[in-house]
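Protein chains in written order, with my numbering: chain A, 1 to 232; chain B, 1 to 232; chain C, 1 to 232; chain D, 1 to 232.
Everything labelled a hint here was simulated from the structure, so no lab data went into it.
Accuracy of the hints is not assured; some may be wrong.
DSSO-like cross-link-like pairs, simulated, lysine-lysine; straight-line CA separation at most 30 Å [said to hold, decoys possible]:
1) A/Lys55 with B/Lys55
2) A/Lys115 with A/Lys59
3) C/Lys115 with D/Lys208
4) D/Lys22 with C/Lys55
5) A/Lys55 with B/Lys230
6) B/Lys225 with A/Lys208
7) C/Lys22 with D/Lys22
8) A/Lys22 with B/Lys59
9) C/Lys59 with D/Lys208
Here the structure is a predicted model, which means the values were calculated and not measured.
There are 4 protein chains.
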Amino acid sequence: MYKKEAFSPFMAVNPKSYFWGKTILELALQCDKIAEETGVTIYFTCPFTDIRMVKEATKIIQVTAQGMEALRPGRGIGHILPESLKEAGADAVFLNHAENPMTISELYRTMRRAKELDIFTIVCADSVAEAKAIAMLEPDIVLAEPTDLIGTGETADDSYIKDTVREIRAVDPDVGIMIASGITTAEDCYRVVALGADGTGSTSGVVKADNPAQRVREMCEAVKKAHQTKEQ
Amino acid sequence: MYKKEAFSPFMAVNPKSYFWGKTILELALQCDKIAEETGVTIYFTCPFTDIRMVKEATKIIQVTAQGMEALRPGRGIGHILPESLKEAGADAVFLNHAENPMTISELYRTMRRAKELDIFTIVCADSVAEAKAIAMLEPDIVLAEPTDLIGTGETADDSYIKDTVREIRAVDPDVGIMIASGITTAEDCYRVVALGADGTGSTSGVVKADNPAQRVREMCEAVKKAHQTKEQ
Amino acid sequence: MYKKEAFSPFMAVNPKSYFWGKTILELALQCDKIAEETGVTIYFTCPFTDIRMVKEATKIIQVTAQGMEALRPGRGIGHILPESLKEAGADAVFLNHAENPMTISELYRTMRRAKELDIFTIVCADSVAEAKAIAMLEPDIVLAEPTDLIGTGETADDSYIKDTVREIRAVDPDVGIMIASGITTAEDCYRVVALGADGTGSTSGVVKADNPAQRVREMCEAVKKAHQTKEQ
Amino acid sequence: MYKKEAFSPFMAVNPKSYFWGKTILELALQCDKIAEETGVTIYFTCPFTDIRMVKEATKIIQVTAQGMEALRPGRGIGHILPESLKEAGADAVFLNHAENPMTISELYRTMRRAKELDIFTIVCADSVAEAKAIAMLEPDIVLAEPTDLIGTGETADDSYIKDTVREIRAVDPDVGIMIASGITTAEDCYRVVALGADGTGSTSGVVKADNPAQRVREMCEAVKKAHQTKEQ
């Protein structure tokens, strides 16, 4: 069984709106095997319409909703009711992604709703400063994407990743730390976990691979190997 | 089989975020019988997570999504991809509800996406002027809620409803016209259809009834009776 | 004095956020002369902070706010109160620009607020269908930008412009019609007015010119000449 | 002259959209005297259209914009360009008010723009947790409104205010702390400053007073007295 205390190391497989229906189900089934065989926790996102189907067909992966809102049962057409996600089988949710940003107030209300319903939260930040701010709100995992660097000509070098991890740990030693900007290969995954992240994730690295499941397997094995190195 | 040419008379059963999961499935099954027995087209809305389950369990009702966006397959986490709704079984979609309003540009793009995928559109308007504007965009059904009157002390009397229908027909003689503000009883349903609407709908009248399915049945029978009166 | 009945031909000079403060004041003063000398109505937009200063320094140009909201005096921090624009001297307002889109409901409420306060409305549409929808809401001027064509490989050729004008006129013969997509030269201005528009407008054609005021003068003269051709 | 190091004690006079034009100018002139006579820093908000007029007519008050956005000079119609506020004379800006909430990413970008232009930031938080998160982003003042308590039946008692101040200080000892929820009398102002806040603020307490300027004077005197008590 899944335990929040033991989510590390992890890999977020996030096909966004590239895959849905049968395609996402097929990848989910393969990820379920990979999670079982590697022991890496996989947060697997899918469209809202596919959550129930994916959950019913799998045993190991953490079925992850692409978003959620804070509303309670009652009025509210077109919004994402937390209870509807939970009942359909969602284990976790991505919040505040750059493609779906939230106000601070709505984010915090939604995070409290997730806690009520025991839905695991992965909350995205666009910069290290924002990651530290979000860490104050007590997410389960904070996803730091160093877009601070965008347009600066710098790359997310090793020292940058180490600093990011250290700064977030200083705010909350227990929060899960995911670093995921521009991860496309197994080597990228190895590097960020070796440098201190608890996990990583990928969209384009997976959906644009010739064999997406094979790519996920390589990435999970890299994450596991990097994690083991740290434990020694 | 469902034909757009023959959607009249219709009844929108719109439990919003009051029902989900098992509760919505149960009501859907009962509505399926009611639609079959009365011949009234039922647009049955449910949370995104329940579309596939409701569609697989029913034969007659028009499974209706609570919203949709214009994005295409690719990036876009947390957004409502049209293809994901279609594949899960959505027949129709509510757009621009006052609880989930859209910019004109996003609404029109989304309506074109719905046409591409043969998803039936029910587009909401907050006033008669807005209903006429929306009719120019060629929805399948325009839902006119006379919130023009809110706060004026006037009620939506018979002449108001007749005028609303006449003004929308003048813009587009073929669009489906739904009038639904404050519909809580079968008598309310009878009245708006007798006065010219092609159909009506209800949220609170259904979800707050002691027996929601019984209330839907009474409403559908009233809609059918009013429609037959007009045909004679 | 300005009369709505006599706004044609017109030119919208829309420096967006390229100019503010002293720079916008200087251009406004020059436009005031150009408007007087050519007889072309100039809708001159400026940042909210500059409306009062520009209005106090000019006599002829129509000082135009970049946006407005529907709120009434009372609560509402950070929002654009119609009364605050009117008192500062705004004659007109741009609404629903693609860079600042509005929901249909908020747009219509704001247009009614503009009427209450006698503020002239220039309402933007992203496509011909949207322009026709907006015309149903009775703006003073509808701005049609044929973004329908974007990405199709087609250009906005003469027949397209003529069709756009004809379709909008069919909805409302009295609405002012502005066509402004990609207008960078005086020749562009001449063409759209000669083909039927009541006026046109420009941002980049003006702000990126070596001499913005000289460019406005050429454009206004072209608009006037095209308009005179139509009157004969 | 104004120094950030010496902003304490302060009072935010925030008439929102209740006052504009001549009415706001009159109150601003009176506040300028009050600020001079009491030595309390007054952050005086006004509509965007009135910033230049209020700044030109006053010497002591901190002229405060009701909001701002992160855009840079260029495109962007209807948005609040930082440079346009600065040039008009804004000293400070309110950000993320509950009536005008921002995404975390947009808030942080806007705060960095404010720093570039030396505009003082007053950033609002809906709860203590959010206030702590915002403190990580290094605002000049964080405004904590204990809406945590709304609907709980509890009031913001003394221990609550002390705890709020202590928790924010633990994150950033140097940030200005404003507590302002439901402040309507001079006694309310005295209390929150005596309990640890650096300042407070009021909307309805001022705009609904028979004599708004007299109310501001009483409030500033109370703030000053509470501050002096703490210094002893």
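So, going through the hints one by one against the coordinates:
1. A/Lys55 with B/Lys55: Measuring from Cα to Cα gives roughly 18 Å; hence the hint holds.
2. A/Lys115 with A/Lys59: Holds, because 22 Å separates the two Cα atoms, which is no more than 30 Å.
3. C/Lys115 with D/Lys208: Distance ~28 Å between lysine 115 of chain C and lysine 208 of chain D Cα, so the pair holds.
4. D/Lys22 with C/Lys55: 16 Å, holds
5. A/Lys55 with B/Lys230: 49 Å, violated
6. B/Lys225 with A/Lys208: 56 Å, violated
7. C/Lys22 with D/Lys22: The given pair, whose Cα atoms are some 24 Å apart, holds under the 30 Å limit.
8. A/Lys22 with B/Lys59: Holds, at roughly 22 Å.
9. C/Lys59 with D/Lys208: Judged against 30 Å, a Cα distance of about 37 Å means the pair is violated.
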